[in-house]
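Required output: the full structure, derived from the provided sequences and hints.
Counting in UniProt numbering, the sequence shown runs from 1 upward without gaps.
What the hints contain is simulated information worked out from the structure, not anything from laboratory work. A couple of the hints might just be wrong.
Claimed, not checked - The calculated DSS-like cross-link candidates involving lysine-lysine, where the alpha carbons are at most 30 Å apart (straight line), are: (1) K214 to K180; (2) K180 to K211; (3) K125 to K96; (4) K211 to K125; (5) K180 to K125; (6) K211 to K96.
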Amino acid sequence: MIDSHTHLDYLDDPAGARGELGLSAMVCIGASPEHARSAVALAEQFGDVYATVGIHPTDTDEDSPDAREQIEALTGHPRVVGIGESGLDDYWDDTKRAAQVSAFEWQLDLARRSGKVLVIHTRDKAGQDSAHRGVMDVLRAWPDVPVILHCFSGHADLLRFGLERGEHTYFGFAGNTTYKNAREIQAAARDLPLTRMLLETDAPFLAPVPKRGKPNRPGYVRHTLEFIATLRGLDPEELEAATDANTRRAYGLPLG
Numbered sequence: 001m002i003d004s005h006t007h008l009d010y011l012d013d014p015a016g017a018r019g020e021l022g023l024s025a026m027v028c029i030g031a032s033p034e035h036a037r038s039a040v041a042l043a044e045q046f047g048d049v050y051a052t053v054g055i056h057p058t059d060t061d062e063d064s065p066d067a068r069e070q071i072e073a074l075t076g077h078p079r080v081v082g083i084g085e086s087g088l089d090d091y092w093d094d095t096k097r098a099a100q101v102s103a104f105e106w107q108l109d110l111a112r113r114s115g116k117v118l119v120i121h122t123r124d125k126a127g128q129d130s131a132h133r134g135v136m137d138v139l140r141a142w143p144d145v146p147v148i149l150h151c152f153s154g155h156a157d158l159l160r161f162g163l164e165r166g167e168h169t170y171f172g173f174a175g176n177t178t179y180k181n182a183r184e185i186q187a188a189a190r191d192l193p194l195t196r197m198l199l200e201t202d203a204p205f206l207a208p209v210p211k212r213g214k215p216n217r218p219g220y221v222r223h224t225l226e227f228i229a230t231l232r233g234l235d236p237e238e239l240e241a242a243t244d245a246n247t248r249r250a251y252g253l254p255l256g
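This is the structure we're talking about:
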C-alpha cells in the first residue's frame, strides 16, 4: 500500500516509521525549502520514498526569490514527483492572502512547466469557506495543471469543481475521514468515483481511529483504508489496488 502524503521528516525516527506495516511506497511532502531538502534526502536514502518540493501557504514568510530558486532547482531531481504542498489557508488570524496567492500561482506555473502534479492544501475556520472558494478561483486560470486536493474536507462545491476538471484532479483522504463528526468527508469518500481517490496519512498529524490522539505514522493509512472500504462496501484489497494505482498515476510513480 502507498501513503500518498506524509511528512516523514517530521517524525523522530523516519527510517523506523517508513518500515512499519509493509507499505510499498510513500510520498514525503517538502513544504518549505528546508523540508524540501530533507524530503529529497530521505528519497535518496530509501527506495520506497519519493518527495515533493514547495512552499506551504502558512510558510509564505519563507517565500523569496532565493527560496523559489532552491525549490525550482530541486524540481528536476529524479526522486521528486510533485510540487507543493501549496494552496490557501484562512484558518489562522494572521492569514496573508496576497502572499499565499502569489506562492500558489508560482507553484502552479512550476507544476505546469515541470509536468508534475501540484499538491493543494485548503483550510478554513469552522463555518467559513473563503480558502476553498479562493482555491477554486485560482484554479480556474489553470485548467490543465494536474492537482491533488490533499486532506479533502468534503466541501461540496470544491468536490463538484474538482470532478468537472476530470482527470486533472485527485482527492486525498486522510485519517480525519474516520472521525465521528466528519460527515461531509465521509459522504465524499463514499460517493467519489474510485478513479479519483488517494489515501494518505498527513503524518504526524490527523491519526485515524483507533490511533486518534497519538502521533500519526505512515503505516496507519491502513486504518483509513479499512474505514473507507466499509463505507463503500468494498473489499479492502480492492480499494487498496485502486488507490495505489491512482497514486502511481497521479505522481507518475513506477508501476507496481
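Hint-by-hint comparison with the structure:
Taking the CA atoms of K214 and K180, the gap is near 17 Å; set against the 30 Å cutoff, the hint holds. With a CA separation close to 14 Å, the supplied pair K180 and K211 stays within the 30 Å bound. Between K125 and K96 the CA atoms are separated by roughly 15 Å; this keeps the pair inside 30 Å, and the hint holds. Straight-line distance between C-alpha atoms of K211 and K125 comes to about 24 Å, which keeps the hinted pair within the 30 Å bound.
Between K180 and K125, the direct Cα distance comes to roughly 19 Å. Compliance with the 30 Å bound is thereby established for this hinted pair. For the proposed pair K211 and K96, the alpha carbon gap of about 34 Å is over 30 Å, so the pair is violated.
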